[in-house]
Amino acid sequence: MSTSLSASGRPRRPRRRTRFALSALAAGLAGAVAATLTVSPAAAAPTPPHPTVEPAVRTVPQAELERRVAGAVAGDDDKPGERHREPQRGAGVTGADPKIIGGTETTISTAPWMAQLWYYDDTGAETVSFFCGGAVIAPTKILTAAHCVDGYDWYGHGAVITGTAQLPEEDDLHGGTVSGVWRQWSHPSYDAVAIDNDMAVLTLPNPVDAKPIPMTTADDTASYAVGTDAKVYGWGRTSSTSPLISQVLKSATLPIQSDATCAEAWGSDFVKGHMVCAGEPATGSDEGTVSACNGDSGGPLVVGGRIVGVVSWGVEDCVAEGAYSVFSKVSTYAGVTYPRVDDTDLSGDGRADLWLRRASDKVAYSQNSTGTSFSAPDLWGDWSAVDLAVQADFDRDGYQDLLNRGLGGELVWTHYQPSSQTWDHRVLATGWGSRKQILAPGDVTGDTLPDLLSLDSANTLWLYPGKGDGYFSGRVQVTTGLTAYDQLRGHGDFTGDGKADMLARAWNGDLYLYAGTGKAGSAFTPRIKVRSWPEVKSVVSPGDVTGDGKADVLAVTEYGNMYLYRGTGQASTAIFATAVKVGGGYGSYDIIS
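To convert, note that position 405 of the sequence shown is 410 in the working numbering; the numbers rise steadily by one, no gaps.
Heads up, a few of these hints could be off.
What the hints assert, rightly or not - Below, computed lysine-lysine pairings styled on DSBU-like, alpha-carbon distance capped at 35 Å: (1) Lys-441 - Lys-236; (2) Lys-534 - Lys-524; (3) Lys-586 - Lys-542; (4) Lys-367 - Lys-216; (5) Lys-216 - Lys-277; (6) Lys-441 - Lys-277; (7) Lys-441 - Lys-367; (8) Lys-367 - Lys-586; (9) Lys-524 - Lys-277; (10) Lys-277 - Lys-367; (11) Lys-277 - Lys-236; (12) Lys-472 - Lys-441; (13) Lys-534 - Lys-586; (14) Lys-367 - Lys-524; (15) Lys-236 - Lys-367; (16) Lys-441 - Lys-524; (17) Lys-542 - Lys-236; (18) Lys-216 - Lys-534; (19) Lys-524 - Lys-542.
None of these hints come from the bench; they were simulated from the model.
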């Protein structure tokens, strides 16, 4: 409800808050660049090994997706998160309600990454339907709010529309594309009562054409400077007196406010570091108020072309005098959210799996992670024609790829084609037989696209920035003189800052961390010794084995026993938790990735 100004002229704390989302349509829907990779067409590739395993994927028929959208459009406009106990903050607290009041209409070309999230479940005693916003942060990834996701089955009842600024009408998607949801992730510490840690990611079964927008990084402070103009986007309510949401995408410019201002307005409801508020204080009516509101939940707050906030909560009806819109602070959650952008794996469950080749007969296998161990192996057939293989998703299509090197030195990208359900091969380069190390750590340059590293015969480390389509830009020299290491490894973020890191194992068994900077010109910080592993024969780094958003490491001893070292996200000697034995017999494999 409305608030009054204090004697000092500052707004008093609003007494009610609510999640920023309303079920959609209540009353109706009326460098130093040297050489480039020598790229050859796939047809020019030698006959490569062919995977005999298809990636797991859960798809939903198109007709069912359209039924869900239609049901949500005509539904009863429930509020996302309402099945949880509502926060008790003073008298009369109600459920989530966001919208853009005082904004202007915009086009999908200005915000091509915007996504509509429709939920419709008519299988229970009561039908549940609601609408949230979201943003495409990778071809198969949608960033949104946890209160739109937590406790709901998005695979079973959700649909995502991209590529249009208009909401659907009857069977008209206005040029948009509707997708199902393959899997969902909510922040593990999401608190539905406090509406804290309100971050979530939906993974789609197939990539969409919408141009992604990157999230900001953990070290970003400039975007949150007081007075910085930020833009919020959404289809939410446009008036505090009407339940109708906007038929067309709207945006509004809101100045970033200080933590002190937010705390003055919201008291202990505002969690410093986890939240950011923006806008001028609401006036108590639509006139003079610019604010997010019901239906905008999960939508992005954008500064400088990056998402800095996710629409989270605010006061009911959005215009109470002195109120500000509150957003989840993306920089705080970069470390745990970025890995969800790069959580592709062979089994499709968000946990990194193993790919192995047996030394005796060169037969390859994969083993799916269970979180603490690995399942029985799946057969991949004869892979005697390669001498190296690493896992990655170079085209960001949500399916794990293999980068393998043929015996003739050709570098081959083996990637899955979901449209034809077959594996394709592309020769990326030739003459790579002398490369001592090749690894795919993830996004090294900070542009959200996966990159490639290689160590040449002169012990110079080169970075090949990825283009996100399986191709790479010209190489950039990272460093020289890496003679002390027998193994370079890395896939993911070991330090919890959302940046890809690298591990280096010295000949004497000492393990060093090179923390990523997110910058191509100076890709890594000076090394930190994190372990002494003289008993370890091979270091394996497939990524997040446990599924907690932190990169893990596997170590194989000289006796063939494998141990899981769970990542802690700390850039110190405490980088890994206590080892857990995974199993034995791994000494019989000559390639493990």
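How the hints compare with the structure:
no., hint, in the structure
1, Lys-441 - Lys-236, "47 Å, violated"
2, Lys-534 - Lys-524, "22 Å, holds"
3, Lys-586 - Lys-542, "15 Å, holds"
4, Lys-367 - Lys-216, "41 Å, violated"
5, Lys-216 - Lys-277, "32 Å, holds"
6, Lys-441 - Lys-277, "47 Å, violated"
7, Lys-441 - Lys-367, "20 Å, holds"
8, Lys-367 - Lys-586, "25 Å, holds"
9, Lys-524 - Lys-277, "28 Å, holds"
10, Lys-277 - Lys-367, "55 Å, violated"
11, Lys-277 - Lys-236, "21 Å, holds"
12, Lys-472 - Lys-441, "24 Å, holds"
13, Lys-534 - Lys-586, "23 Å, holds"
14, Lys-367 - Lys-524, "38 Å, violated"
15, Lys-236 - Lys-367, "55 Å, violated"
16, Lys-441 - Lys-524, "24 Å, holds"
17, Lys-542 - Lys-236, "52 Å, violated"
18, Lys-216 - Lys-534, "40 Å, violated"
19, Lys-524 - Lys-542, "32 Å, holds"
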